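Please arrange chain D on chain Y, whose structure you already have, making use of the hints.
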Amino acid sequence: MATESPPAVEIDGLHKRFGSVTALRGIDLTVERGEVFGFLGPNGAGKSTTIDCLLDYLRPTEGRIEVFGIDAQQESGRVRQRVGVLPDGYDTFPEYTARQHVEYAIASKDATDDPDALLDRVGLAGEEARVADDFSKGMTQRLMLAMALVGDPDLLVLDEPSTGLDPNGVRLMREIVREEVDRGATVFFSSHILDQVERVSDRVGILADGELVAVDSVEGLRGAGTVADLTVHCDPLPDAAVAAVEALDGIESATAEDGRLTATCAGPAKLRVLDALREHGAEIHDFESTAGSLESVFAAYTGGGGDSDSAGAAVESPGVAE
Amino acid sequence: MSLRTVVEKYALDTHRTKSAWVVTALFVAALGFAGYSGAYSYEGTVNPLVATAVPTSAAILVPLTTLALGHGAVAGSRESGSLRVLLAFPHSRREVAAGAFLGRLGPLLAAVGTGLLAAPIGYTARAGQLPAAEYLVLVGLVLLWTVFCTALAVGLSALVATGRRAIGAGLGTYLGFLFVWDWLVNEVVRRTVPRAQRYPLPEWAQVWRNLDPVSAFNGATRLLSYPPDEPLAVYETLPFFAAVLAVWVVLPIALALWRFPKTDL
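Going line by line, the protein sequences match chains Y and D.
Numbering follows our numbering, with no gaps: position 111 of the first sequence is 111.
Numbering follows our numbering, with no gaps: position 190 of the second sequence is 1190.
Hint data in this document are derived by calculation from the structure and do not stem from the laboratory.
Hints are supplied without guarantee of correctness; some may be wrong.
Some chain Y residues flagged as far from chain D (calculated, every beta-carbon gap over 12 Å) [unchecked claim]:
#1 Gly-13
#2 Lys-16
#3 Asp-52
#4 Gln-73
#5 Gly-126
#6 Gly-138
#7 Glu-219
#8 Ala-256
#9 Asp-275
#10 His-280
On the chain Y side, residues computed to face chain D include the following (Cβ under 8 Å) [as the list claims (entries may be wrong)]:
#11 Phe-68
#12 Arg-80
#13 Gln-81
#14 Gly-89
#15 Asp-91
#16 Thr-255
Owing to the predicted nature of the structure, the values given are computational and were not obtained by experimental measurement.
We treat Cβ as the ideally placed atom computed from N, Cα and C, and that holds for glycine.
So that you can see chain Y by itself, here it is in the shape it has in the complex (with noise of 0.2 Å):
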């Protein structure tokens, strides 16, 4: 591998239609190698459909998708050599245990892994001759992730890697794609839960109703025109208040309950809600600031924000839509 070698993913001009709706309309996207890319959008956003098209699932209608400069759809095979796939909508092979799963993914990719020592990596130990068709929703997660981590990936590619697991899964599978990307791995994965993407991400691409409406470091995207929930404990918290506070700019929405004012705000008008409430007043007692839900991020940045331009963020202008 040359260090000139060609990215991990390059994704140019994604388009998909199935019949009449159209799933992806022109995503562009570059994953470098060694990073965490987090893919991030709600249901229904085209994450598993871009992934699907990645992995040859689906056929594109149009544009190309090259994977360590491989296409991904002539060379599928190859592709998938050398990628390690977590995919989502999927069923486990009937009557299997789970080390005949992990068996089949090792003869498949011709490794010379020890399945006992990935299902104990995976925290599946003891469970090796038991059939996975019983198993759990996180347990079944888990075994996919051991049959994923099969001959040493250079990418792994996790559509929805959290889906069932509990919280001490949801930290075994961000530990394991910290190790996979301090072996030299580069990890593809979406989500469609900000905490999890921010954890381990060195950058998020945010996609929205088939096209990629931004692609920044987390960082970046939690900068100064992100949103954020903003809650304040008033009183009192006179009426005034509150109206005075929705009538600011940059104010999604804000709720008042029991002398506890919510807001969504972007960035900069957190300290203008605090300034309107005394002016109007109400006396603060105490206020806590969470950093944006997925749905306030994606207002910012699909249209209700207003002011996101100056985040910073690499705002991506929307594809050719058919």
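Then chain D, alone, in the frame of chain Y:
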């Protein structure tokens, strides 16, 4: 190597579901009984084994069992999502379609083959003599018939999205060969040939009637059961029927190998 992994997986899967054992038992019972019960004719003379109910049993049971075991080979795993796991690894779609066919074919041939062994055993037990060597020709035909029926079931399974549709398409195709094919020939003859010249059927129509796999199998086994005492046209001979069946083996598999790689899963 890759194809071998897929073939082995499908062959193992077939046994693992235990249905292969049920099917084997079914063939042993049905063909064994056919050999036993058909050993004597009504007049009390010994029948040749090829003239018993063995060919008819195979004509009916093989399509049903291959469809039962084959329809889900690709479509069923596509429906459940296990195909996504299968294909998460470096196998091509073609290898999966071909592997599904070969992996299902092995256990099915074994099941039918065991039944074809049971028939002469039942026959010999009753008739007190071994079957004539021409029984081996019948064995070859039934195995070829099994290959065709498996190709049809698994091929269709790779061409449709659900196992249920694969069953529907399989039954539809089989009934189509059984009824629609000849009806179509008759319709064309009725519309193009003057009434006075319709019997016997023009030669091209007779050839056409023998070109579907069901007629080919039944025509071939009939030649064994009732040896003709007059010279046959080329399209009425055993090699012709066998060749027709062989071509029909290729067709559904070729279609699956061509279409399945282009399909959205």
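Checklist line | Verdict on Ala-256/Y as a residue remote from chain D, using beta-carbon distances over 12 Å | finding: Fine: 46 Å to the nearest Cβ keeps Ala-256/Y off the interface.
Note to self: Given a cut of 8 Å on the nearest C-beta pair, is the interface hint for Gly-89/Y held or broken against chain D?
What the structure shows: 5 Å, holds
Next item on the list: Against chain D, does Asp-275/Y hold up as non-interface, every C-beta pair farther apart than 12 Å?
Entry: 53 Å, holds
Note to self: Min Cβ distance, Arg-80/Y to chain D: is it shorter than 8 Å?
What the structure shows: Arg-80/Y check passes; min Cβ-Cβ to chain D is 4 Å, inside 8 Å.
Margin query: Does Thr-255/Y hold up as a contact with chain D if the rule is Cβ-Cβ below 8 Å?
Written below: 41 Å, violated
Item checked: Outside-interface status for Gly-126/Y - nearest CB in chain D farther than 12 Å -> Its Cβ never comes within 12 Å of chain D, the nearest being 22 Å, so this holds.
Note to self: Quick check for students: does the CB of His-280/Y sit more than 12 Å from each CB in chain D?
What the structure shows: 56 Å, holds
Margin query: Restraint: Phe-68/Y near chain D, CB-CB cut 8 Å. Satisfied or not?
Written below: With a closest approach of 13 Å, the Phe-68/Y hint is violated.
Next item on the list: Against chain D, run the beta carbon of Asp-91/Y and see if the smallest gap drops under 8 Å.
Entry: Constraint on Asp-91/Y satisfied, holds at 4 Å.
Notebook entry, point to check: Gln-73/Y: least C-beta distance to chain D exceeds 12 Å?
Noted result: Violated, because the least Cβ-Cβ distance between Gln-73/Y and chain D comes to about 10 Å, which does not exceed 12 Å.
Next item on the list: Take a quick look at Gly-13/Y and tell me if its Cβ sits farther than 12 Å from every Cβ on chain D, holds or violated.
Entry: 19 Å, holds
Next item on the list: Find the nearest Cβ of chain D to the Cβ of Gly-138/Y and say whether that gap is larger than 12 Å.
Entry: It holds; Gly-138/Y is separated from chain D by about 17 Å at its closest Cβ, greater than 12 Å.
Checked against the numbered hints listed earlier, the structure breaks hints 2, 3, 4, 11 and 16; every other hint is satisfied.
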